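Just so you know, the sequences run in chain order A and B.
If you read the first sequence in our numbering, its first letter stands for residue 45, the second for the next number, and so on.
If you read the second sequence in our numbering, its first letter stands for residue 178, the second for the next number, and so on.
It should be emphasised that the hints constitute simulated quantities derived from the structure, not laboratory data.
Watch out, some of these pointers could steer you wrong.
[As the list claims (entries may be wrong)] A few chain B residues that don't get close to chain A, going by computed Cβ distances all over 10 Å:
hint, residue
1, T252
2, T303
3, H387
4, V523
5, A526
6, T570
7, Y655
8, F657
9, H663
10, A692
[To be verified] For lysine to aspartate or glutamate, the following DMTMM-like pairs were computed, each having C-alpha atoms within a straight-line distance of at most 20 Å:
hint, chain 1, residue 1, chain 2, residue 2
11, A, K156, A, D179
12, A, K214, B, E656
13, B, K250, B, E239
14, A, K162, A, D141
15, A, K149, B, E437
16, A, K149, A, D244
17, A, K214, A, D62
18, A, K246, A, E211
19, A, K214, A, D244
20, A, K181, B, E656
21, A, K217, B, E239
22, A, K181, A, D141
Predicted model, so just to flag it, every value in this text is computed and none were measured.
Glycine included, C-beta positions come from ideal geometry on N, C-alpha and C.
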Amino acid sequence: MLDWWLPENVSTFGRDIDWLFHLIYAITGVTFVLVAAAMIAFLIMYRDRPGRRARYTHGNTTLEIVWTIVPALILVVLTALSAPAWSKIKMTRPPSDFVVDVTAKQFNWQVKHPNSDKVFLDEMHVPVNKVIHVDLKSQDVIHSFFVPQFRVKQDAVPGRSIIAWFEVTKPGKYEWPCAELCGFGHSGMRGWIYVHSAEDYKKWAAENLTAETGGGAKK
Amino acid sequence: MSAHAATAHTAHAHHDTSFVRTYVFSTDHKMIARQFLFMGLFMMIIGGLLALMVRWQLAWPETAVPGLSVILKDTGGILEPSTYNMAFTMHATIMIFFVIMPILAGAFGNFCIPLMIGARDMAFPTLNMLSFWVTATAGVIMLSGFFVEGGHAAAGWTSYAPLSAVPQYTGVNWGQNLWCIALFVMGIGSMMGSINYITTIINMRAPGMHLFRMPLVVWSLFITAILLLLALPVLTSAVAMLLFDRTLGTSWFAPSGGGEPLLWQHLFWYFGHPEVYILILPAMGIASEILPVFSRKPIFGYHAMAFSMIAIAFLSWIVYGHHMFVSGMSPSLGMAFTVTTMVIAVPSAIKTFNWLGTLWGGRIQFTVPMLFALGFVSMFVIGGLSGIFMASTPVDIYIQDTYFIVAHIHYVVFGGSIFGAFAGIYFWFPKMFGRMMNPLLGHLHFWSTFIFFNWTFFPMHIIGVGGQMRRIYNPMQYEFLQHQQHWNVFMTYGALMLGAGMILFVINFFWSLFAGKKAPLNPWNSNTLEWTAPSPPPHLNWGAHVPTVYRGPYEYSDPDAREDFLPQSQAPVGAGARRHH
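Make the full structure from the sequences, and use the hints.
Right, here's the structure in full:
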């Protein structure tokens with residue numbers, strides 16, 4: 045309940061997104077309660093009763109101005125607060141020497157780790173507390189790279205190469221579904237992202253990436 | 178012009194009584210309105226059953242849907258992934274293009290515009306007839322897709338290319354082609370209608386009916402018609418291009434031949450966002466019509482209401498990119514679309530506050546149309562507020578393509594458009610068919626719809642925030658979604674009861690049609706012109722003279738008036754305009 049149904053966040057920019065999320069929860073929640081309370085109060089107070097006549101009024105210019113300006117101001121502030129996070133997540137990205145090549149296809153993620161040609165299916169391994177760039181491509185239809193706990197989503201568009209990025213703050217195994225309808229096998233198209241400590245990642249890479257280059261897990 | 182048309186029509190009136198000319202190929206705007214209404218309600222049954230199939234699969238994945246084994250013999254009634262994709266694709270396609278548009282724009286546009294501006298018919302009655310029959314043909318083409326090899330379209334109602342552009346990606350062949358052809362034909366029918374509405378409103382208003390004496394529902398339909406005229410050609414072009422990609426080997430959207438997948442999204446949403454307002458504006462107009470009548474009060478801020486709809490119409494063209502924040506479109510462009518999207522929330526807020534202002538100090542009568550109009554306002558508030566989450570680009574990164582979006586769209590198009598449509602049906606039924614609907618069944622229908630609508634769709638926000646993607650076949654395939662599966666079961670119970678509640682409406686509708694109490698001229702003591710015509714209005718609507726308009730449409734509870742309403746056509750005391758009655 046404390047997280048308002050959001051899954052646990054484990055990425056750096058996820059905090060910015062969750063903060064905005066909670067802010068909008070608060071704004072819309074308060075607005076909804078006020079509007080609903082006013083509506084219910086009016087429906088009770090002004091219900092049809094014998095002998096009373098409705099108020100004959102066509103409106104009020106001051107009120108019109110107030111309820112135009114106030115929502116406009118709130119929305120301007122919200123836009124201003126959204127801009128830095130958007131800029132940080134999508135318009136710029138911190139540099140990184142760790143680039144994972146992900147090519148989506150119906151209905152798998154094909155993953156190549158840095159300094160290796162070996163293709164892993166639906167499985168990615170990255171170190172914790174490090175900026176990871178994902179070079180996202182698709183070889184057939186549009187797919188979408190979605191890791192709920194990283195708060196990251198980016199469509200993979202055939203014919204384009206799009207860089208997405210994230211930095212995870214907690215080691216673990218995270219589910220990695222496709223979020224864009226991509227055909228009859230869309231449901232169930234998912235992989236796992238394993239986030240290791242720096243040493244564990246080195247160990248994993250030594251055992252799995254250098255051994256047989258270009259063979260193994262490739263299907 | 179209207180005088181000329183009227184004479185011509187009167188001369189023909191005696192010959193127009195054959196069954197075919199009266200009920201099938203009718204040029205009477207009221208008959209065409211009824212035809213659109215019946216078409217929309219029939220399609221709503223199909224769209225609703227498809228929705229229940231989707232809900233069944235989500236709650237109890239891969240179990241047989243009761244009754245479906247008759248159709249799906251091979252699987253014993255279990256939905257396969259491709260059938261499931263078809264079901265949600267066609268649910269949305271049918272509900273948007275063949276239920277809400279025909280009912281709100283087709284039926285209410287045809288019925289209300291001439292009667293409420295004091296015209297004897299549409300400007301182009303034959304074109305009007307064609308508009309219905311072209312739309313009906315589109316409906317038949319769309320339904321025929323269910324019977325072709327490979328099944329119907331299964332790429333979502335948004336049909337993103339290249340999934341939709343290359344047959345082997347979905348395994349759907351003629352289904353998707355027929356989807357394109359049906360929407361193309363529907364676009365032509367809609368264009369015929371919108372030209373007619375615009376011409377009629379500009380040219381054929383009764384004497385004294387200035388633009389700013391028009392009822393707000395006419396304003397809303399006028400603006401809707403302009404949006405239809407400008408937006409639908411973009412869709413018709415896009416579906417033609419898609420069809421050419423699929424059948425003639427062009428390559429607009431598939432990168433293998435040099436095409437650009439995002440071009441489809443730009444074209445689709447450039448149509449698609451004005452489309453959302455096409456779906457909601459008439460419902461806003463209907464609510465603005467009903468709230469004053471049953472609050473016995475003038476609408477609060479008539480000009481603000483009209484101008485906010487005009488503002489929405491302009492802004493609707495420059496917000497469409499908010500559907501594409503994570504599509505690969507330039508993120509800088511995304512920022513610009515955030516600004517416009519935040520701006521378009523303002524006119525919607527203005528409308529909501531003015532509806533509340535209309536209730537304030539009123540004498541509120543809880544009739545069935547009023548309940549649905551109030552339901553519309555409250556559900557539209559939720560749908561509007563949830564839109565703010567998506568407008569904030571960083572938040573949208575997370576909730577894009579989740580059930581939060583599904584919740585939002587249903588609060589707007591079901592809580593908004595469909596509640597508005599029901600409000601309108603209960604309100605104008607007496608005028609349309611000359612009989613009253615049963616209020617008890619109407620109340621039961623409202624409460625069932627209101628409760629089970631929220632029961633079904635509110636938890637979608639919750640599972641969407643929890644991360645459940647839209648258009649997935651089986652949430653139980655994902656470990657992070659399994660803990661919230663009970664919500665899917667809960668929602669499906671709600672959906673089944675929501676569907677069952679609609680039976681009350683069907684019974685009420687048909688029972689009232691044949692056996693309802695005869696409707697008086699003006700059952701709701703309303704001011705607008707349609708209530709001065711007989712129930713139901715005859716061909717050409719009024720006798721020798723069309724009404725003359727002396728005032729705005731919402732003069733309720735004027736302290737100087739004897740009654741608590743003052744019809745638009747009632748001559749001011751001492752004006753000596755008796756002949757107009």
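Outcome of the hint check:
1. At roughly 14 Å from the closest C-beta of chain A, the C-beta of T252(B) stays outside 10 Å, upholding its exclusion from the interface.
2. Distance to chain A confirms T303(B) as a non-interface residue, since its nearest Cβ pair spans about 41 Å, more than 10 Å.
3. For H387(B), the requirement that its beta carbon stay farther than 10 Å from each beta carbon of chain A is met, with the minimum near 16 Å.
4. The claim that V523(B) lies off the interface is violated: its Cβ sits roughly 5 Å from the closest Cβ of chain A, which falls inside the 10 Å cut-off.
5. A beta-carbon of chain A is positioned within 10 Å of the beta-carbon of A526(B); the least distance is around 4 Å.
6. With a cut of 10 Å on Cβ distances, T570(B) falls inside the contact zone with chain A, its closest approach being about 4 Å.
7. The beta carbon of Y655(B) sits about 6 Å from the closest Cβ of chain A, which is not more than 10 Å, so the claim that it is off the interface is violated.
8. Separation of F657(B) from chain A is inadequate, the least Cβ-Cβ distance of about 5 Å not exceeding the 10 Å criterion.
9. The beta carbon of H663(B) sits about 13 Å from the closest Cβ of chain A, which is more than 10 Å, so the claim that it is off the interface holds.
10. Non-interface call for A692(B) relative to chain A: holds, since the shortest CB-CB distance, roughly 28 Å, exceeds 10 Å.
11. Of the pairs offered as hints, the one joining K156(A) and D179(A) holds, with about 10 Å between alpha carbons and a cut-off of 20 Å not exceeded.
12. Between K214(A) and E656(B) the alpha-carbon distance is near 19 Å, which keeps this suggested pair within the 20 Å criterion.
13. Note on K250(B) and E239(B): the hinted pairing holds, with a Cα-Cα distance of about 15 Å set against a maximum of 20 Å.
14. For the hint pairing K162(A) with D141(A), the CA-to-CA distance comes to about 18 Å; that is within 20 Å, so the pair holds.
15. For the hint pairing K149(A) with E437(B), the CA-to-CA distance comes to about 17 Å; that is within 20 Å, so the pair holds.
16. A C-alpha spacing of about 29 Å is found between K149(A) and D244(A), which places the hinted pair above 20 Å, so the restraint is violated.
17. As the CA atoms of K214(A) and D62(A) are separated by approximately 17 Å, the hinted pair is consistent with the 20 Å bound.
18. Taking the CA atoms of K246(A) and E211(A), the gap is about 17 Å. The hint holds against a cut of 20 Å.
19. Distance hint between K214(A) and D244(A) is fulfilled; the C-alpha atoms sit about 13 Å from each other, no more than 20 Å.
20. For the hint pairing K181(A) with E656(B), the CA-to-CA distance comes to about 26 Å; that exceeds 20 Å, so the pair is violated.
21. Among the hinted pairs, K217(A) with E239(B) is inconsistent with the structure: their alpha-carbon atoms are about 28 Å apart, more than 20 Å.
22. At roughly 19 Å between alpha-carbon atoms, K181(A) and D141(A) fall within 20 Å of each other, so this suggested pair holds.
Hint compliance for this structure: hints 4, 5, 6, 7, 8, 16, 20, 21 are broken, all remaining hints hold.
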